[in-house]
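**Q** Fit chain A to the known structure of chain D by using the hints.
One letter stands for each residue in the lines below.
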Amino acid sequence: MLKVTYIQYDGTAHDVFVPEGLSVMRGAVDNAVPGIDADCGGECACATCHVYVELEWLNKTGLPPEGSQEASMLSFAAVSQPNSRLACQIAMTPELDGLVVRLPEGQH
Amino acid sequence: MNAPVHFDPLSDAHAISLDQFDPSDPKLYQDDIYAPYFERLRREDPVHWRENGMYGSFWSITKYKDIMQVETNPQVFSSDYRLGGIIITDREMQYRRPSFISMDPPEHDEQRKVVSPIVAPMNLQKMAGTIRERTGRVLDGLPRGETFDFVPRVAIELTTQMLATLFDFPFEDRHKLTYWSDTVTADVNAGGEVDSEAKRFEILGQALEYFTRLWHERANSEPRPDLISMLAHGEATRDLYKKPQEFLGNLGLLIVGGNDTTRNSMSGGIWALNKHPDEYRKLRENPTLVTSLVPEIIRWQTPILHMRRNAVADFEVGGKQIRAGDKVIMWYISGNRDEEGIERPNEFIIDRARPRQHLSFGFGIHRCVGNRLAELQLTILWEEILKRFPMIELMDEPERLYSNQIHGITSLPVRIPA
Chain D
9 MLKVTYIQYD GTAHDVFVPE GLSVMRGAVD NAVPGIDADC GGECACATCH
59 VYVELEWLNK TGLPPEGSQE ASMLSFAAVS QPNSRLACQI AMTPELDGLV
109 VRLPEGQH
Chain A
-11 MNAPVHFDPL SDAHAISLDQ FDPSDPKLYQ DDIYAPYFER LRREDPVHWR
39 ENGMYGSFWS ITKYKDIMQV ETNPQVFSSD YRLGGIIITD REMQYRRPSF
89 ISMDPPEHDE QRKVVSPIVA PMNLQKMAGT IRERTGRVLD GLPRGETFDF
139 VPRVAIELTT QMLATLFDFP FEDRHKLTYW SDTVTADVNA GGEVDSEAKR
189 FEILGQALEY FTRLWHERAN SEPRPDLISM LAHGEATRDL YKKPQEFLGN
239 LGLLIVGGND TTRNSMSGGI WALNKHPDEY RKLRENPTLV TSLVPEIIRW
289 QTPILHMRRN AVADFEVGGK QIRAGDKVIM WYISGNRDEE GIERPNEFII
339 DRARPRQHLS FGFGIHRCVG NRLAELQLTI LWEEILKRFP MIELMDEPER
389 LYSNQIHGIT SLPVRIPA
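Line by line, the protein sequences give chains D and A.
Read in order, the letters of the first sequence are residues 9 to 116 in the numbering used here.
Read in order, the letters of the second sequence are residues -11 to 406 in the numbering used here.
Think of the hints as simulated: they come from the structure by calculation, not from any bench.
Hints are not guaranteed to be accurate.
Stated by the list, open to error - Some but not every residue of chain A turned toward chain D, in silico, with C-beta under 7 Å:
#: 1; residue: M56
#: 2; residue: T60
#: 3; residue: A108
#: 4; residue: P109
#: 5; residue: Q345
#: 6; residue: F351
#: 7; residue: G352
#: 8; residue: I353
#: 9; residue: R355
#: 10; residue: R360
All C-beta atoms, glycine included, are put in the ideal place defined by N, C-alpha and C.
Looking at chain D on its own, in the form it has when it is part of the complex:
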């Protein structure tokens, strides 16, 4: 199991253990972490699992490729930042053990 910390907009942190291969979105939804809506269930089609990756993890998660569906969906999100990702598009690997992501004010 791999650790992910989700920090809500109000600062509350949730530590969750996610099996390898599962997405960061699934880790939140399966453990009832508030602030991730995931309306489309992981199809990269709604941008309601938007997270900000903590900067020290960004080189490991990477950014969505230019022109990808994820980049396109994120461009419509209300409060997107350079470290924005859709959590459904980050699959957990051993090198992401300990990952920290912050949640936006609202999913939209």
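**A** Same frame as chain D, but now just chain A:
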């Protein structure tokens, strides 16, 4: 061309040959008899070709996962108005009104981004107080112990007030917005005032005149957070007023988007809860269930019946070969009842585990921009209803709209016990 095959919507849905079935017949939705037909399509022919139907020849996509596939492949399934746009009706080019929903990237993206901040989380928080106060006022004005029509008294009134705020539209003229919205979506065969595209064009000419005046006022003032000002100052949209059809198209989109959908979900919620008294009781006993009630109402009602795409390349969906040039209709009303996409889809369950996993807002780049505002309006409405009335009773069956696009309730007789 083959002669059109006649379809009688009152025929036996279980016995009819599927070649005869025409999902575009608005009677199906007006008479609320569509369900068994789509059940059969999902089972027997989930990606269904209809030749020469009332609204032309088209594919019907009826399963949740197939709809998702079409939604997430905008490179293959175009929304471009020049190819046919997003609604099943084929209009002559002169009557097509482009807007960002009927465009593909990059034009779509640039225009959508101009208006989307109005429904950003921070802005919704700011609007919540006003919405609650107005909702309370409308509910407090309702009669007790006598039958009234919920549609004009509550659903239309609340959505019209909201629209007026979003556009910063003169409040006393707000009913024009509803009128224009109904004009944009009216089926010319419905027997109403809009009986031809020319008539629609004429009525929308009044809207164009009114909005052009507001536009110039806003363009000549400092930018403000209302839709007209945002469009008038937005880099991708500031010249819209020079293109009357596109100007009208975008205004029409925003008006319809904020009007029909929420209005019919408000009425649809009353209807659904009355048809499921155990769920209504559950809600009364635990008002916090409003959070999951609201998306379940939106799924149950599915206020937009379909969206159209236009294939620009050959592509396989659900084992069928779709060809470049084909018209493709995603029936959200069917996908939202697909048991392979949603658990127990034919049950209205106000405390579902994943209530927001439904197709009513669409998915992908054209997903409803106002979806969180719609949820907020409905949430506040139900919170305020539950504070005041243990019950809003359905007194008779609703009357429904003749349309294959808007799943509309035109009249809903209800009573609040004295």
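**Q** Look at each hint and say if it fits the structure.
**A** Here is what the structure says about each hint:
The interface hint given for M56/A holds, since its Cβ lies 6 Å from the closest Cβ of chain D, which is under the 7 Å cut-off. For T60/A, the suggested interface contact is upheld, since its CB lies about 5 Å from the closest CB of chain D, less than 7 Å. The restraint placing A108/A at the interface with chain D holds, with a minimum CB-CB distance near 4 Å, inside the 7 Å limit. Hint on P109/A holds. Least Cβ distance to chain D is approximately 3 Å, under the 7 Å limit.
At about 5 Å, the closest approach between the beta carbon of Q345/A and any beta carbon in chain D falls short of 7 Å, and the interface hint on this residue holds. Checking F351/A against chain D by beta carbon gives a least distance of about 4 Å; that is within 7 Å, so the hint holds. The beta carbon of G352/A comes within 5 Å of a beta carbon in chain D, closer than 7 Å, and the hint placing it at the interface holds. Interface hint status for I353/A: upheld, as the beta-carbon distance to the closest one in chain D is roughly 6 Å, under 7 Å.
The restraint placing R355/A at the interface with chain D holds, with a minimum CB-CB distance near 6 Å, inside the 7 Å limit. Contact between R360/A and chain D, as hinted, is supported at the beta carbon level, the nearest pair being about 5 Å apart and thus within 7 Å.
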